[in-house]
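**Q** Each chain, written out:
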Amino acid sequence: MSTPYAKLPAWADYGLIPLLNLVVAFFVAGLVVLLVGESPFRAAAILIEGAFGRGQGIAYTLYYATTFIFTGLSVAVAVHCGLFNIGTEGQAYMGGLGVALTCLAFDSVLPWWLTFPLAILASAGVGALWALIPAWLQARRGSHIVITTIMFNFIAASIMVYLLVGPLKPLASQAPQTRLFLEGGQLPKLNWLIELFGGRVRSAPFNVSFLLALAMAFFMWVLVWRTRFGYEMRTYGFSPKAARYAGISETRIIILTMMISGAFAGMMALNPTMGDQHNVAIDFVGGAGFVGIAVALMGRSHPVGIVLAAILFGMLYQGGAELAFEMPAISRDMIVIIQGLVILFAGALEHMLRPQVQALFAVFSPRSVGIAAAAKDG
Amino acid sequence: MAEAAIELIGINKSFGAVHANRDINLEVARGSIHGIVGENGAGKSTLMSILYGFYQADSGEIRVNGHVKAIRTSNEAIAAGIGMVHQHFMLVDNFTVLENVILGAENDPLLMKSIARARSELVRLEREYGLQVDPDAVVEDLPVGLQQRVEILKALYRGAEILILDEPTGVLTPAEADHLFRILRQLKEQGKTVVLITHKLREIMAITDTVSVMRQGTMVATRETAKTTVEELAELMVGRRVLLRVEKGEARPGAVKLAVSDLTVRDARGVTMVDRVSFEVRAGEIVGIAGVAGNGQSELIEAIAGIRAAVSGTVLLDGRPIDVTGAADPGDLRERGLAHVPEDRHHVGLVLAFEENENAILGYHDHKRYAKGVFLDIDAIREAAKEKIEKYDIRPPDCRLKTANFSGGNQQKIVLSREMEQDPGVLVVGQPTRGVDVGAIEFIHKRLIAMRDAGKAVVVVSVELDEIRSLSDRILVMFEGRVVGEREPEASEGELGLLMAGVERRQAVE
Numbered sequence: 001m002s003t004p005y006a007k008l009p010a011w012a013d014y015g016l017i018p019l020l021n022l023v024v025a026f027f028v029a030g031l032v033v034l035l036v037g038e039s040p041f042r043a044a045a046i047l048i049e050g051a052f053g054r055g056q057g058i059a060y061t062l063y064y065a066t067t068f069i070f071t072g073l074s075v076a077v078a079v080h081c082g083l084f085n086i087g088t089e090g091q092a093y094m095g096g097l098g099v100a101l102t103c104l105a106f107d108s109v110l111p112w113w114l115t116f117p118l119a120i121l122a123s124a125g126v127g128a129l130w131a132l133i134p135a136w137l138q139a140r141r142g143s144h145i146v147i148t149t150i151m152f153n154f155i156a157a158s159i160m161v162y163l164l165v166g167p168l169k170p171l172a173s174q175a176p177q178t179r180l181f182l183e184g185g186q187l188p189k190l191n192w193l194i195e196l197f198g199g200r201v202r203s204a205p206f207n208v209s210f211l212l213a214l215a216m217a218f219f220m221w222v223l224v225w226r227t228r229f230g231y232e233m234r235t236y237g238f239s240p241k242a243a244r245y246a247g248i249s250e251t252r253i254i255i256l257t258m259m260i261s262g263a264f265a266g267m268m269a270l271n272p273t274m275g276d277q278h279n280v281a282i283d284f285v286g287g288a289g290f291v292g293i294a295v296a297l298m299g300r301s302h303p304v305g306i307v308l309a310a311i312l313f314g315m316l317y318q319g320g321a322e323l324a325f326e327m328p329a330i331s332r333d334m335i336v337i338i339q340g341l342v343i344l345f346a347g348a349l350e351h352m353l354r355p356q357v358q359a360l361f362a363v364f365s366p367r368s369v370g371i372a373a374a375a376k377d378g
Numbered sequence: 379m380a381e382a383a384i385e386l387i388g389i390n391k392s393f394g395a396v397h398a399n400r401d402i403n404l405e406v407a408r409g410s411i412h413g414i415v416g417e418n419g420a421g422k423s424t425l426m427s428i429l430y431g432f433y434q435a436d437s438g439e440i441r442v443n444g445h446v447k448a449i450r451t452s453n454e455a456i457a458a459g460i461g462m463v464h465q466h467f468m469l470v471d472n473f474t475v476l477e478n479v480i481l482g483a484e485n486d487p488l489l490m491k492s493i494a495r496a497r498s499e500l501v502r503l504e505r506e507y508g509l510q511v512d513p514d515a516v517v518e519d520l521p522v523g524l525q526q527r528v529e530i531l532k533a534l535y536r537g538a539e540i541l542i543l544d545e546p547t548g549v550l551t552p553a554e555a556d557h558l559f560r561i562l563r564q565l566k567e568q569g570k571t572v573v574l575i576t577h578k579l580r581e582i583m584a585i586t587d588t589v590s591v592m593r594q595g596t597m598v599a600t601r602e603t604a605k606t607t608v609e610e611l612a613e614l615m616v617g618r619r620v621l622l623r624v625e626k627g628e629a630r631p632g633a634v635k636l637a638v639s640d641l642t643v644r645d646a647r648g649v650t651m652v653d654r655v656s657f658e659v660r661a662g663e664i665v666g667i668a669g670v671a672g673n674g675q676s677e678l679i680e681a682i683a684g685i686r687a688a689v690s691g692t693v694l695l696d697g698r699p700i701d702v703t704g705a706a707d708p709g710d711l712r713e714r715g716l717a718h719v720p721e722d723r724h725h726v727g728l729v730l731a732f733e734e735n736e737n738a739i740l741g742y743h744d745h746k747r748y749a750k751g752v753f754l755d756i757d758a759i760r761e762a763a764k765e766k767i768e769k770y771d772i773r774p775p776d777c778r779l780k781t782a783n784f785s786g787g788n789q790q791k792i793v794l795s796r797e798m799e800q801d802p803g804v805l806v807v808g809q810p811t812r813g814v815d816v817g818a819i820e821f822i823h824k825r826l827i828a829m830r831d832a833g834k835a836v837v838v839v840s841v842e843l844d845e846i847r848s849l850s851d852r853i854l855v856m857f858e859g860r861v862v863g864e865r866e867p868e869a870s871e872g873e874l875g876l877l878m879a880g881v882e883r884r885q886a887v888e
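Heads up: the sequence lines are chains C and V, in that order.
Reading the first sequence from the start, the letters are residues 1 to 378 in this note's numbering.
Reading the second sequence from the start, the letters are residues 379 to 888 in this note's numbering.
Just so you know, the hints here were simulated from the structure itself, not pulled from any lab data.
Predicted model only: the values in this text are computed from it and were never measured.
Any given hint could turn out to be false.
Stated by the list, open to error - Here are some chain C residues pointing at chain V (derived, C-beta under 10 angstroms):
1. TYR231
2. THR235
3. TYR245
The beta carbon of each residue, even a glycine, is placed where N, CA and C say it ideally should be.
Next comes chain C alone, as it looks inside the complex (with noise of 0.2 angstroms):
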């Protein structure tokens, strides 16, 4: 066989190859913790114990996820259209212009839940707007995605600095950031949840912004696989060919599905503003939006698998801290090399182990592999 991705039962596809990848991801992480002069098998307790150990590193972990859901699902969206949203993170950032604007607006005279839909609209549509214009260049003029979106991160990035050191900042402060919202903008905390469970946690930003993504998890997986929207989508994605065949309109679908994106990615600015801060801060992404593609590659584009991922990251961003914090000799930059590992095993190198995988298949379940049934027909 010639093709590089013959078949493979589906749970090794799934789950046998990431988890692998996750695996050697470790392995080396753990080769530079030992070159710092630490225990690898220690770090890794540490690691695990902060994200998953207690309530309060629970409840941590899934604030982080909440973020990296939200940015997973705007770039896997984009995937199946075969789209490269490089923009997700500029996109979340201008999502923060428009929790902002809602927040001062009405925080002090509407009750959370009221200002939190109108907040959601709000974030999504800026950032949709925001995904309008690359999408817009490339469905018409073919200016490609991926430079488009990554200017505009830059384009986003100026603007918010622009308005949080001016127009958005109280006068008299001098924090490039928004007066502190009102009760109105502070999104309730979601704590008791896990402390249901037994878990003790003293003060963490876990909120219900968490729940409106596991909400658009769902709602992705919808449109992806049940709306005749979505199934153009993933026609476009497979071959604009067959979507030129079946009349589908390419600028029809590149653009919206980008605002999709977009609004995706702009909704990702509730959990760390409304949820945690209760302010609009300078820089408050903070790459949330790149590692948002690390958790599509890694969740296979499909809404339950990003979920697991931004987890997964989630635990990494919040056991990190706590082994930054537990051994000096690991220091954040550490963290951030370990990240990275993840994020190069897990998803740029996916495919790195599956011919090994494929060969042990072949050998130890040919019929598995479709190996006996070409067999027969040759």
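Put chain V on the given structure of chain C with help from the hints.
**A** Chain V alone, transformed into the frame defined by chain C:
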């Protein structure tokens, strides 16, 4: 006879179930021009790819100048003195001629020396073979004829003694082709060996010394060109196989359903692929469009089906025009009763990564039957897919199976069932049985005849002459973008073959 430059002995090559080369023996004399002819898919290109190291033969032996060579890569072929000029040029468009010539043959990390050597070598080649090209011209600015010359120079620069040309005149104007032939003769006089792959019999007669004919993966004959005729070669090429005759009654043509007039289509490079083509198709008849692949048939049906914009001309569907020069929407055409089975089912007609039932609605996904508001009606879709699987005997009968896992014949049935079951007034079918197993061919042919008998207008484009002859009520032959003749299906294979090969010849049919 001179010593053999190339000997191929017992070459076999299979791709899956397709036996592309079967026990091929071939001897090419040194210092000769040897033609290899055959229909599309006869295995010519596979054979040459084996010789040039792109593929490995499953069995057999290659001898170059009497020595057994194992050619596993194109570098080994080059080392053995074999050069190849591909049908689609392998040039870097924004490099100069000189840069293209040394590409892959730069021997130093710095280019200075290589360039200087190449420049003087080009001057020598120019003198010896009349291969004039400006070494500093950028390739993309050159006309195709000169680009091809650069390909030949590349091969000669690498010391090729044996030059393989794959369909070299396909992209050339007649004048450019004549010039190429002069160059080839000069190469021959200098003692080089030339292997010319083509399906144009005229060229074979004009320039080769010896000609070998391939058909369905086997080498059926080798003749001295001087002692053969175009008629004999055409017969050898097309073969005398038993026709897969389909039972069919008289056609009862009705009203004109599809009227094409003066349709002109250019490809992305601006080359005219369809040149003022006009024809009509009536209800209740099958019009077959024959021709060697690449003579504009694909572009013609794509333009009619609204996938490719035409430059000029009109197409009337049921008397109402289709906007072929503008944004004809394939979706609208479907609504108006024009169904299209595209030639390329892998990339156009199907999405291979989809489940079977998802492909069974491609293009019809907006129909009320399959939709519940903005949602897909999954149950209805699967139910409809199951019906078609039953009716068209698609195997395995599993509508949740990934389309890529169906065989070629069953994939084609998925497309056909989708398009036919919409009950279109006009059905345009490209290569109905390409890559389809024998059992399915018969089934597909019967279905097409049934469509005709139900009063539909059917257009079939195929490179399989047998298929065209057994299906069609009228046959149009396309050559170089034009319809060069219309014949009854009773016309002899030889006659159609000549038309397809562009040989102008009137037979006294009256």
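**Q** Look at each hint and say if it fits the structure.
**A** Okay, the hints, checked on the actual structure:
no.: 1; hint: TYR231; in the structure: holds, 5 angstroms
no.: 2; hint: THR235; in the structure: holds, 6 angstroms
no.: 3; hint: TYR245; in the structure: holds, 5 angstroms
The earlier numbered hints are all upheld by this structure, with none contradicted.
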